[in-house]
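Visitor: Spelled out, the chains give:
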Amino acid sequence: MTLIEGHKPITPADGIPVWDVDPYDEDMLRAPETFYAELRAKGPVVFIPAYSILALGQYETTQKVFSDHENFVSSRGVGLNDFKLEEPWRPPSIILEVDPPDHTRTRRIMAKALSPKVVRGLADMFRETAEEIVDDLLTKGSFDAVTDLAERFPVSVFPRAVGMRDVDQRNLVDYGACVFNAMGPDNRLRRWALERNKQIAPWIMAACARDRLTDDGLGAMIYAEAAAEDAAITEAEAAMLVRSFLSAGVDTTVTGIGNALWCFATNPGEWDRLRADPKLARPAIEEVLRFTSPVHTFGRTAGRDTEIAGYPVEEGTKVICVLGAANSDPDKWGDPEAFRIDRRPLGHMAFGAGIHGCVGQNIARGEMEALLSVMAEKVARIEPAGEAVWRPNNAIHALDKLPLKLIPK
Amino acid sequence: MVKVTFIEHDGTETTVEAAEGDSVMSAAIANGIDGIVAECGGSMMCATCHCYVDDAWADRTGPRKEGEDDMLESAASEVKETSRLSCQIKLTADLDGLVVHLPEEQV
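In order, the protein sequence lines correspond to chains D and G. Just so we're aligned: 49 in the working numbering is position 49 of the first sequence, and the numbers increase by one with no gaps anywhere. Just so we're aligned: 1078 in the working numbering is position 78 of the second sequence, and the numbers increase by one with no gaps anywhere.
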């Protein structure tokens, strides 16, 4: 059998619409709204012959399939390669690319290390750092909010929370971008990711080694799990989990923060509302995530013969869940094109759903809340100072450049 | 349909109707009950849908689910024996009339 993108080619069931489109086209990744709308309009499930995959964009179906870990597994890869048929590009993640019961074991350890209680303990550090950075930016004219704020803030606080002694902004941000680009097809972005990752991986391995971490951070908590008497994980597994903090917890929050700044720069009325009522910071974060879907697409594999929206689906089928399309489905949200910070969009798909729902979502919210709260106190207006440019990535919808000027209160 | 009564910390009582299979959390959110925040949407990640099952119902809602204890440790208000994450209580016909009390704070 000749594989397509490392998975079994499929014959879609009768009645599934066929769409000759490349969801990973770079121009479309920069401006995906039309793709999202057309995907939803074609039906609950669409066959894309270019990669021999099924794609979902309507909220109801996407939500259902994405949370159905029994029929749609993660252990065969959350990108286009089927780990059962082809060797993955890196050793599979022991939390992301596994199913229960293996998943339950590592998930529990990570959930404990990233619990709301732990995040509350980090809140002061997040806030103090946000104050320093915002004060500094207020003295400047225009600046690039991607590197100078969206990257700078998480890279200042998150490695510190993990307990890292070695910090390199470019390596940390690119590491996540590589892992997410690798979820796509064999295109320019994925090839860049595999090359770039070869340069970064040795640095990450060294920086996450037990003896390079402080003994009071999240990293030490994970290593301590491996050292416990009835340890559920080995030390090598602990090292993998610590590295997954960095693959999943830097580029994603950078993207969330960049997208938040873009939302407020382009919706000044909503910034005024947040300033008037800083308690809206938490719901505002949810709306930013729904509105911009920092992680736009994520895959699953049919682990057995099953169905989607009544159509039979054969075992081994790769299914991409287009979270950005689900988050902008008018049937679910009414007026998805409006950015309203008091929407409270419960059930948005930006952190996924079900047992694989983002384990770092509390810390992501904690970082964003600290920054937005500090800015709401100090910044009267967030003004665009040039054109915002989006950066194509096979799974992340992020800005490449965002020139801004902050007007002090 | 199943009836659920939410008693908020200030004593406000609201009775809502929900479908069998819904969670107590989703019944609260669908009906705008302020005392349930449910930030994570039901992934058992946030402890902001904490509730106290009324003593008369505690047997019928059953024990906490795997991992629920860990997450309850992060709850903002006092955790009692009857504490549950409302996203983990699935409504069945047997729970028609369920009464839950809501804590002072969720965040």
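Among the hints, a few may not be true.
Below, in silico cross-link-like pairs of lysine-lysine (DSSO-like), each with a Cα-Cα straight-line distance of 30 Å or less [as the list claims (entries may be wrong)]: (1) D/K279 <-> G/K1080; (2) G/K1090 <-> D/K64; (3) G/K1090 <-> G/K1003; (4) D/K405 <-> G/K1003; (5) D/K332 <-> G/K1080; (6) G/K1003 <-> D/K332; (7) D/K84 <-> G/K1080; (8) G/K1003 <-> D/K84; (9) D/K112 <-> G/K1003; (10) G/K1080 <-> D/K64; (11) G/K1065 <-> D/K112.
Just a few of them, taken from the derived set where beta-carbon distance is under 10 Å, the chain D residues facing chain G [claimed, not checked]: (12) A50; (13) S52; (14) K117; (15) R120; (16) P185; (17) N187; (18) R210; (19) R343; (20) I355; (21) H356; (22) C358.
Covered stretches of chain D (in silico footprint by chain G; criterion: 3 or more residues with CB under 8 Å from a CB of chain G, positions within the stretch not fixed) [what the hints assert, rightly or not]: (23) 344–351; (24) 361–371.
Please keep in mind that the hints were generated in silico from the structure rather than gathered at the bench. These figures come from a predicted structure and were not determined experimentally. Don't be surprised by glycine CBs; every beta carbon is placed ideally from N, CA and C.
Visitor: If you check each hint against the structure, which ones fail?
Guide: 4, 5, 7, 8, 9, 10, 12, 13, 16, 17, 18 and 19
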